[in-house]
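There are 2 protein chains.
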Amino acid sequence: MPVPELRPRDLLVKVAACGLNPVDTKVRSKKTDATLTEPKVMGYDGAGVVERVGADCSLFKVGDKVYFAGAIDRQGSNAEFVAIDERIVGHMPKTLSVTAAAAQPLVLLTAWEGLVEGLGLTAFNPANQGKRLLILPGGGGVGSYVIQLAARVFGLEVIATASRPESADACKGLGATHVINHREPLQPQLKKLGIESVNFIYNAFDTKVYFDQYADIAAPLGKIVSIVETDAPLPMTKLMSKKVSFAWEFMFTRPMFGVDQGFQGFILNEGAKLIDTGMLKLPQVKALPFDVKSIREAHLEQESGKVIGKIVLTREAGEVGTFAPGSRV
Amino acid sequence: MPVPELRPRDLLVKVAACGLNPVDTKVRSKKTDATLTEPKVMGYDGAGVVERVGADCSLFKVGDKVYFAGAIDRQGSNAEFVAIDERIVGHMPKTLSVTAAAAQPLVLLTAWEGLVEGLGLTAFNPANQGKRLLILPGGGGVGSYVIQLAARVFGLEVIATASRPESADACKGLGATHVINHREPLQPQLKKLGIESVNFIYNAFDTKVYFDQYADIAAPLGKIVSIVETDAPLPMTKLMSKKVSFAWEFMFTRPMFGVDQGFQGFILNEGAKLIDTGMLKLPQVKALPFDVKSIREAHLEQESGKVIGKIVLTREAGEVGTFAPGSRV
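Chains C and R, in that order, are what the protein sequence lines are. Quick note on numbering: the UniProt record's numbering labels position 104 of the first sequence as 104, and the sequence is numbered without any gaps. Quick note on numbering: the UniProt record's numbering labels position 12 of the second sequence as 12, and the sequence is numbered without any gaps.
Hints should not be assumed to be uniformly reliable.
Claimed, not checked - Only pairs whose alpha carbons sit at most 30 angstroms apart, straight line, appear in this in silico DSS-like list of lysine-lysine:
| id | chain 1 | residue 1 | chain 2 | residue 2 |
| --- | --- | --- | --- | --- |
| 1 | C | K238 | R | K172 |
| 2 | R | K306 | C | K306 |
| 3 | R | K192 | C | K208 |
| 4 | R | K40 | C | K238 |
| 5 | C | K238 | R | K208 |
| 6 | R | K242 | C | K40 |
| 7 | C | K208 | R | K306 |
| 8 | R | K293 | C | K242 |
| 9 | R | K131 | C | K40 |
| 10 | C | K306 | R | K238 |
| 11 | C | K242 | R | K306 |
| 12 | R | K26 | C | K242 |
| 13 | C | K242 | R | K40 |
| 14 | R | K242 | C | K26 |
| 15 | C | K238 | R | K306 |
| 16 | C | K242 | R | K191 |
| 17 | R | K65 | C | K238 |
| 18 | C | K26 | R | K131 |
| 19 | C | K242 | R | K238 |
Bear in mind the hints are in silico, worked out from the structure with no lab data behind them.
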């Protein structure tokens, strides 16, 4: 692949590691009538070093270590170089290797935006006290950050869902007060815990399948945010008498429409501080070598839906391996 | 009807006038399998004088003039006396007659809650500058307050919809910058005005019918609030790529679930100040005598869907008549 052309606010980043996400496999499998005029480079998450800056760049300089989640309508990070708008890039957490850093941006942004915008939460707000959030499922990359941000920054009681003991353990380790099983009906499990309703629901799995259950367990004036699209229309009026709101979180909206992109740079920079101080622990990371065989393996594993934490492809031979939740990699 | 029993936080109010709303006719026509154990008293909006206070009341005293929108699961205001929780009652605006006051609470609460909670707006916030709100339709009671609050308190550019010249005039008189026709496709009319998209949509008509159009005209990160239920499921994923949220406004949620009821008393008291200082003008009011014949006439007119402003039944013989928007009655 040729080195990409830079737009005025683009950085050229030499990619040292890239993170995998469910969106990668969704984009790969998407049927389209369009004929591609150039090969589509997959991958969004990445970390590396700024190699060159565009004419109007002001936030980074050559040599800066950066991490980013990218834009869905541009070429991706599964390449040697990526061109990316500096407004959606963050300075890499100082305490992380590039391999660990490459796993964080997309899930950190998705969790943060979903909590702040979709659920309207504000940090250190006494009104959050005693309120409950359900995250379904808690074991993935997004769930890992939702649990931690909700419990530590927003001060909520967190109920995570998991279907396997190792995921349940991971959720508890990150700050979930309760873990229930999303393969069983939710309401009876909550009732057993003495929980009548939840104020906030973060849905990261199947919006259509869980919608009716969410309508039942949501508290009056509750809020739901979801990151999973559905072909099925939703029976929204079930949310009306309790006045429950519904929002989408889609990390790519800002770069796609060119709206308020600086909020993403802000989240990545603030998130790096929370990581460096130990306030946010990392999800489990499984790092594979940065080659075609690994990409195929990673996509298959991602499609299985059983990934705990995150998968990363890395050019750092010494960083290949699986790192437990919270470890610095 | 016997004088109702008081709960500890109830006021007994002698009703001088009561306001009609679309919800009255919806409740009347609702088919139900339940057998009523006592006659259902219709009506929610009302104004009158506190006749007695419950054991735990602290916010009002006997003789206070009050206005209120009531609770959907209790007996209504089309009666001589109504029992109502003091937390959802406000002190009547000092500059209004009881007839004018009785027309305000339900629409004021619905507009205010919808804007503040459903659309997440905060007053005097510089971030609102240059943002646009569409209210469909603008001519009714709710629309009248949405236009004024959005334009004057939240500082938005307001586009109202109307299908008749007299409604369009009313909308402009209340602060709408533009008026378009909701019987014609919305997007081409907006484009003619040079408007690509709107940040906020307040839907007070038919949620299902307008949903697809809203998905098209909503700006990225936009918000929709609706007050009209629908049997049809909604194609919510159309809102995803732009990350547009959807919320319900239902004024009866708070009293029905006993949640945060004091916010309604707050809105009615603050709203009274805005009315008394002239910051909020009243919708047009048509006042009929407080008798069974008028109730029937008012319900028929409400069902026609062509009411501009509000219909009130009043016991004050001198206040029967139609009062133009903004007049004090």
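Going straight from one Cα to the other, do K242 of chain C and K238 of chain R come out at no more than 30 angstroms? OK: K242 of chain C and K238 of chain R at ~23 angstroms, within 30 angstroms.
Proposed proximity, K208 of chain R with K238 of chain C (alpha carbon, max 30 angstroms): holds, 14 angstroms
Holds or violated: K65 of chain R to K238 of chain C, with C-alpha atoms at most 30 angstroms apart: violated, 37 angstroms
For the pair we were handed, K293 of chain R and K242 of chain C, check the Cα-Cα distance against 30 angstroms. violated, 35 angstroms
Check whether the Cα positions of K26 of chain R and K242 of chain C lie no farther apart than 30 angstroms. holds, 18 angstroms
Would you mind confirming whether the straight-line C-alpha gap from K208 of chain C to K306 of chain R stays at or under 30 angstroms? Violated, at roughly 37 angstroms.
Are the Cα atoms of K306 of chain C and K238 of chain R separated by 30 angstroms or less? holds, 28 angstroms
What's the verdict on K40 of chain R and K238 of chain C, does the C-alpha distance respect the 30 angstroms limit or exceed it? holds, 25 angstroms
Within a Cα-Cα threshold of 30 angstroms, do K238 of chain C and K306 of chain R meet the stated pairing? holds, 28 angstroms
Hinted pair, alpha-carbon criterion (30 angstroms max): K26 of chain C, K131 of chain R. Please report holds or violated. violated, 34 angstroms
Is K192 of chain R close enough to K208 of chain C, meaning Cα to Cα at most 30 angstroms? Roughly 38 angstroms between the alpha carbons, so the hint for K192 of chain R and K208 of chain C is violated.
Is K131 of chain R close enough to K40 of chain C, meaning Cα to Cα at most 30 angstroms? At roughly 36 angstroms apart (the allowed maximum being 30 angstroms), K40 of chain C and K131 of chain R break the hint.
In summary, the numbered hints that this structure violates are 1, 2, 3, 7, 8, 9, 16, 17, 18.
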